[in-house]
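Novice: Can you build the whole structure from these sequences, using the hints too?
Residue-level listing of the chains:
Number of protein chains: 4
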Amino acid sequence: MNNEKFETKISKHDENGEPIIRGYNLIELINKVNFTQSIFLTLKGELPSENEEKLLNAILVSSLDHGVEAPSTTIARLTASNGVSSSTAIAAGISSIGDAHGGAGEALAKLLQETPEKNASKIVVEFKEKKKRIPGFGHKIYEVDPRTQSLLKIAQDTGFYGKFVNLCLEIERELEKVSEKKLPLNIDGAIAALMSELGFDWRLGKSLFIISRVVGISAHVQEEQTTGKPVRRVSEKDVDYTGPTKRNL
Amino acid sequence: MNNEKFETKISKHDENGEPIIRGYNLIELINKVNFTQSIFLTLKGELPSENEEKLLNAILVSSLDHGVEAPSTTIARLTASNGVSSSTAIAAGISSIGDAHGGAGEALAKLLQETPEKNASKIVVEFKEKKKRIPGFGHKIYEVDPRTQSLLKIAQDTGFYGKFVNLCLEIERELEKVSEKKLPLNIDGAIAALMSELGFDWRLGKSLFIISRVVGISAHVQEEQTTGKPVRRVSEKDVDYTGPTKRNL
Amino acid sequence: MNNEKFETKISKHDENGEPIIRGYNLIELINKVNFTQSIFLTLKGELPSENEEKLLNAILVSSLDHGVEAPSTTIARLTASNGVSSSTAIAAGISSIGDAHGGAGEALAKLLQETPEKNASKIVVEFKEKKKRIPGFGHKIYEVDPRTQSLLKIAQDTGFYGKFVNLCLEIERELEKVSEKKLPLNIDGAIAALMSELGFDWRLGKSLFIISRVVGISAHVQEEQTTGKPVRRVSEKDVDYTGPTKRNL
Amino acid sequence: MNNEKFETKISKHDENGEPIIRGYNLIELINKVNFTQSIFLTLKGELPSENEEKLLNAILVSSLDHGVEAPSTTIARLTASNGVSSSTAIAAGISSIGDAHGGAGEALAKLLQETPEKNASKIVVEFKEKKKRIPGFGHKIYEVDPRTQSLLKIAQDTGFYGKFVNLCLEIERELEKVSEKKLPLNIDGAIAALMSELGFDWRLGKSLFIISRVVGISAHVQEEQTTGKPVRRVSEKDVDYTGPTKRNL
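Residue numbers (our numbering), protein chains in the order written: chain A, 55 to 303; chain B, 55 to 303; chain C, 55 to 303; chain D, 55 to 303.
Simulated from the structure, these hints should not be mistaken for lab results. Hints may contain errors.
Identical chains blur together in the list; that is why a pair holds if it fits in one copy or across any two.
[As the list claims (entries may be wrong)] No more than 30 Å apart at the CA atoms, straight line, and that leaves these computed lysine-lysine pairs for DSS-like:
#1 K185 <-> K236
#2 K164 <-> K182
#3 K108 <-> K184
#4 K186 <-> K176
Note that this is a predicted model, so its numbers are computed, not measured.
Specialist: Set out below in structure tokens:
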């Protein structure tokens, strides 16, 4: 590499070639910690307390899988049906996680962590003026999102019902005042609040979603490979052609 | 979609729009199982026993991170340095998991699960004749891989030291007979044996590696985004040009 | 980089920092050659003759775009609808080009270039015995593929109707003898024969398809970004759930 | 697909299953137009004039390849060295084209096309105040970029030296007034101006770069597959570990 070396605080190999993660020998980790603890350690640099582990566990389980219709899962299955390797299909699914699918949590976490004065009413007015929706609020079906309720209950039990959760609930109340319909804190919004309570950098918002959802995507890719027919195609009935009529050169 | 519907045994939404995974309501899972249990459930269809959970935990922790120099991690960091989103950088890293990096486990698991007559000496002879290396054996440094030792010890403790492990160890002994140097069962090979003991389809070999390694890749991408300089480049000193000398049209 | 330097015959920068491609200064190329000539030069190392240019042009135009329903184009549009950048959406589409979509040309080119004794009847028998289809033959609709006819006519006009084309047409005749239905040389097969006539390594088979199809994918991604609604989803009607019925933990 | 059909003006299949692009039968295109003409047609909807074709040709040739050290090319070669398919390696390279590599042209084209009042001095002041660099200006080595000079000369010859080019050159002059060092219109900037003169939507900025650069990336991936050693790795010497010292659980 050119001018700049990679600098890392995450991991290295020791003098025997053993992987060391955040200072701990990987072999000791294999024997003594569980996967959730090791995720917390790798991303944050220290092992979690029992309560931190409990809350991170709940966050990770909550995004596991949302059915074939979840856009990134659909894309991974379509890709797998073209006869590529599982890693390529999973990567296509993950690459499709963007601002409009799976990205709301990161966007709200950024807002929560970077807004200097945490004033709900000001935030709502600003978004209203820009005619934008606040990420992490609103749901197609629910007035109260049961997954949000579950996560907030666990936050309460573990002592992480703090300033970020409260700010989100104030935003929810302010939104109800200025909107005609209820825009509840949804699952993406709840995770944004809770990852902020746990001290995770907002830049890890999409990553936490990916670490969880890659499980569901993997299961669907393997199912597609073992039971699906090759090369799924959109039907012509799903396409409207509105271009120029036939013409000659 | 065209002719074929998607058919899935993994997940659906119930009449209230709630995600159901392998028959269980996601909200109940959030409250009652940990991440490792939910991974086992999503991939295999049933919750693990205590021993299955323990062994899967060890497998998942063992592939967490192998430093900046792990090729998929390097690629993810280089990609992130070009100013793309974290999901794009993580996807680039995952897409690079191929036959020669991260794929040995899947290849060996396929061999173990598909070879009808499990005869170590026959397997070794066949590979020898094709002048190919058996995937999952051999290591740059170790004669005995300490991570393999750890995983096999946990397999013994949990009752999963079965026919696949034994076949691998026989292959190791046969290899020693016919090769000059020791080719120990490495970490990829050990995981191939143990995922087979746990009853995971070999097609999930790369996926199990990805589910674990995506954690390390995520940590490295965030580190690159917060501390790295933009656009890392290979140095000209690392490139030898051996093409035609300068010429005119 | 580690042990090995990159070695390249393709390009370098000269002492003034000017890009040199296959020995020619890029600035001279900008002023004197067209895009097709420069593609031939970059991939093969020398500029094409007039006839080589004409045939490569026809090959490149023939794969330009096949509608929204082409699987890689569908995947790129779905990915774009999630709010990712155009480069990410285009990459997802390209990554989905696999053995079962867009890969037949490379597979047949490999067969043509690597089979030492070019005997059509032997090839057909071998595939028959393995119960495999020969890549590049057969079409949903056509008994005679009009695009194949066009390309072969141009091959005749330009002097590239040689041994690879003839072998393919022999295979077509042999297939008709042993199959019930006509399996005509399709567009993928024709391109495989013609790229072999032009002396392109079979490993460039998918690349030639990608260099052409990336144009159509780009147009569709921009159309999706400017006219599509966010987050396209598969309908629940397109999914059949066949997993376990609802159960409690 | 759900609620929304795909709507497209680009292409369809006619009643015989023939691909129709922008109203023209693909077979007629194969016989009558060259690749550059067909690219213009697919992206813009109409065939180019002779001058439009000439200018687009020059743009496409100018981004063909910039050596192994171009970050997206390096990433594609590293990915290929892991033993993945060429489409996966090419896709990884393309996905890495982001704001900081290959994205300056699109960013400047957006600025040029969306700024209502085209006032160079105002644009320069605004960027100065935000302490941001205007994309498309400045070069490591050159005070005058010879590739820019070439493209602008061709623009003059073809009648496309219009308002977007002039605005860019005014910005260049304004930048020289307020900066200590000369920040010349670079190749990305020149392409942004010229694609705007040709009437291409700024959203096609990265795509035009990708359509050209995918050629170089393809050549490098094939070279890596045929001559490179498996699994290139960053050297440990290129990594500085600054994390916690060894510790026990």
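Novice: Hint by hint, note whether the structure agrees.
Specialist: Here is what the structure says about each hint:
1. Proximity of K185 to K236 under the C-alpha cut-off of 30 Å is restricted to the intra-copy arrangement: shortest distance 17 Å within a copy versus 40 Å between copies.
2. With identical chains, the CA atoms of K164 and K182 are at most 30 Å apart both within one copy (18 Å) and between copies (25 Å).
3. Taking the shortest Cα distances, K108 and K184 never come within 30 Å of each other, neither inside one copy (38 Å) nor across copies (43 Å).
4. In this assembly of identical chains, the alpha carbons of K186 and K176 lie at most 30 Å apart whether taken from the same copy (14 Å) or from different copies (27 Å).
Hint compliance for this structure: hint 3 alone is broken.
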